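Enquirer: For reference, the chains in residue letters:
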Amino acid sequence: MSKVRVLVGTKKGAFILTSDGTRKRWKVSGPHFAGWEIYHMKGSVVDPDRIYASQTSDWFGQIIQRSDDGGKTWSTPGSSPEELKSADGMAKAESNKFVYDGIPGTHQWYDGTQHPWEFKRVWHLEPSLDNPDHVYAGVEDAALFVSRDGGKSWSELSGLRKHDTGPKWQPGAGGMCLHTILLDATNPKRISVAISAAGAFRSDDGGDSWKPINRGLHSQYIPDPTAEVGHCVHRVAMHPSRPNTLFMQKHWDVMRSDNAGDSWQEVSGNLPSDFGFPIDVHAHEPETIYVVPIKSDSEHYPPSGRLRVYRSRTGGNEWQALTKGLPQRNCYVNVLRDAMSIDSLEPCGVYFGTTGGQVYASADAGDRWKPIVRDLPAVLSVEVQTLP
Amino acid sequence: MIRVVLPPNLRTLARVDDEVELEVKTPVSQRSVLDALEARYPMLRGTIRDHVTKLRRPMVRFFACGEDLSHELPEAPLPDAIASGSEPFLIIGAIAGG
Chain A
1 MSKVRVLVGT
11 KKGAFILTSD
21 GTRKRWKVSG
31 PHFAGWEIYH
41 MKGSVVDPDR
51 IYASQTSDWF
61 GQIIQRSDDG
71 GKTWSTPGSS
81 PEELKSADGM
91 AKAESNKFVY
101 DGIPGTHQWY
111 DGTQHPWEFK
121 RVWHLEPSLD
131 NPDHVYAGVE
141 DAALFVSRDG
151 GKSWSELSGL
161 RKHDTGPKWQ
171 PGAGGMCLHT
181 ILLDATNPKR
191 ISVAISAAGA
201 FRSDDGGDSW
211 KPINRGLHSQ
221 YIPDPTAEVG
231 HCVHRVAMHP
241 SRPNTLFMQK
251 HWDVMRSDNA
261 GDSWQEVSGN
271 LPSDFGFPID
281 VHAHEPETIY
291 VVPIKSDSEH
301 YPPSGRLRVY
311 RSRTGGNEWQ
321 ALTKGLPQRN
331 CYVNVLRDAM
341 SIDSLEPCGV
351 YFGTTGGQVY
361 ASADAGDRWK
371 PIVRDLPAVL
381 SVEVQTLP
Chain B
1001 MIRVVLPPNL
1011 RTLARVDDEV
1021 ELEVKTPVSQ
1031 RSVLDALEAR
1041 YPMLRGTIRD
1051 HVTKLRRPMV
1061 RFFACGEDLS
1071 HELPEAPLPD
1081 AIASGSEPFL
1091 IIGAIAGG
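Chains A and B are the protein sequences, given in the same order. According to the numbering used here, the first sequence is numbered sequentially starting from 1. According to the numbering used here, the second sequence is numbered sequentially starting from 1001.
Worth flagging that the hints you see were computed from the coordinates, not collected in a lab. Where hints are given, some of them may not hold.
[Unchecked claim] Which chain B residues face chain A? A few, computed with CB under 8 Å, are given here: (1) Leu1010; (2) Leu1013; (3) Thr1026; (4) Pro1042; (5) His1051; (6) Thr1053; (7) Lys1054; (8) Arg1057; (9) Leu1069; (10) His1071.
If you're wondering where the values come from, they're calculated on a predicted model, not measured in any experiment. Think of the CB as a built atom: it goes at the ideal place given N, C-alpha and C, for glycine as much as any other residue.
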């Protein structure tokens, strides 16, 4: 029988939740890396036991952890004294060495002045679709790195950061983070990313060159609401069978594109608020999408204190509130951009974590929910793996 | 032997429960202690000082013998009590936030 493994990153460690395909009873393991912020964990689709984790701290910087046994044991890649000896006899231990290519230059700061690019942390890890040793990292300050040796070393795909518009990029409230990396199984040369607050970008040559894909976005909070860059994109999602159709949750507005981001149209429709962070797509219905409306950019909690996932079966515009099993009063948590994921069982399971430490799951595509764990530290990210 | 006390988060990372003891070449300085520490525990590289510049991370402090040595030059000799192992070299996460 199939199994699911839910990888939960929190403010104070990682947790791994496992269940059989019924998704009724859950085993919780953790905290792993106790006391550290775990921004994101994700497994390889080629080798599901290969899992990468971004472990970070304002004090002690960035750590990359890797498991080769489905999360039972972890290590920092390439840091054992026996491997990767450098000229001075010390292990290279470069799995956490993220150095921008060349002179980093500057981007726009909150006050409108120019500010040097400074690496802070890895927000998102995206294992490649064809090799478990290949993995991309989206970082703050915004850039895209790649490792081709299982996370032992990293190099920047600097064509993105060096785009002509780079000096105009600016941080959102959470920092200038590259948080979304979409890989296209039908076109290995295509990579799409999203940056808060610069917008979405696409490469069609494997990451060498990039173009902004923000036409149709409208952001009232920037001087030119339809500018080429400067949009605070919170998340972009894609169904693997429809790589040209992208769904975006922006700072305000839910958007869709049917030409791989070349142009966008708003599909917020009847949502109670079109502000929010995560967006995701049903495993088997490419036009069924999910968002969690949040009241506003200053009030990061659900409208009316009611935690509701909204589902559209029409690719947007027409939305249905999903409330069964979710708190419908006095709920003031947030759901962050990387904290929603969907398994590929039938019916598909939908999972999301909250800043209140709950991870909610629906084993019927969103119709009914229950917390599979609660009272964890604030949840930063949720990824689910569907295992044979 | 030089005694080094790590902050709890780095103890977790290095998988040590208590203070660590290191053989350090003389003269004993911040730099030589950190070189020895990183050689023994490579996973700590980049967490105390920057990979490239070798500068102390802003929210990491070095205390020893009741003194804050964070702003001493990396190659400056550490007190004799550290070099003899009678006092530990303390690596501290700055008190900021929770």
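Enquirer: Now tell me, hint by hint, if it's right for this structure.
Expert: Evaluation of the provided hints:
1. Leu1010: holds (6 Å)
2. Leu1013: holds (7 Å)
3. Thr1026: Check failed: Cβ of B:Thr1026 comes no nearer than 18 Å to chain A, outside 8 Å.
4. Pro1042: holds (4 Å)
5. His1051: Holds: closest Cβ of chain A sits about 5 Å from B:His1051, inside 8 Å.
6. Thr1053: violated (10 Å)
7. Lys1054: Violated, about 13 Å.
8. Arg1057: holds (6 Å)
9. Leu1069: violated (18 Å)
10. His1071: Hint violated; B:His1071 Cβ to chain A Cβ min 17 Å, cut 8 Å.
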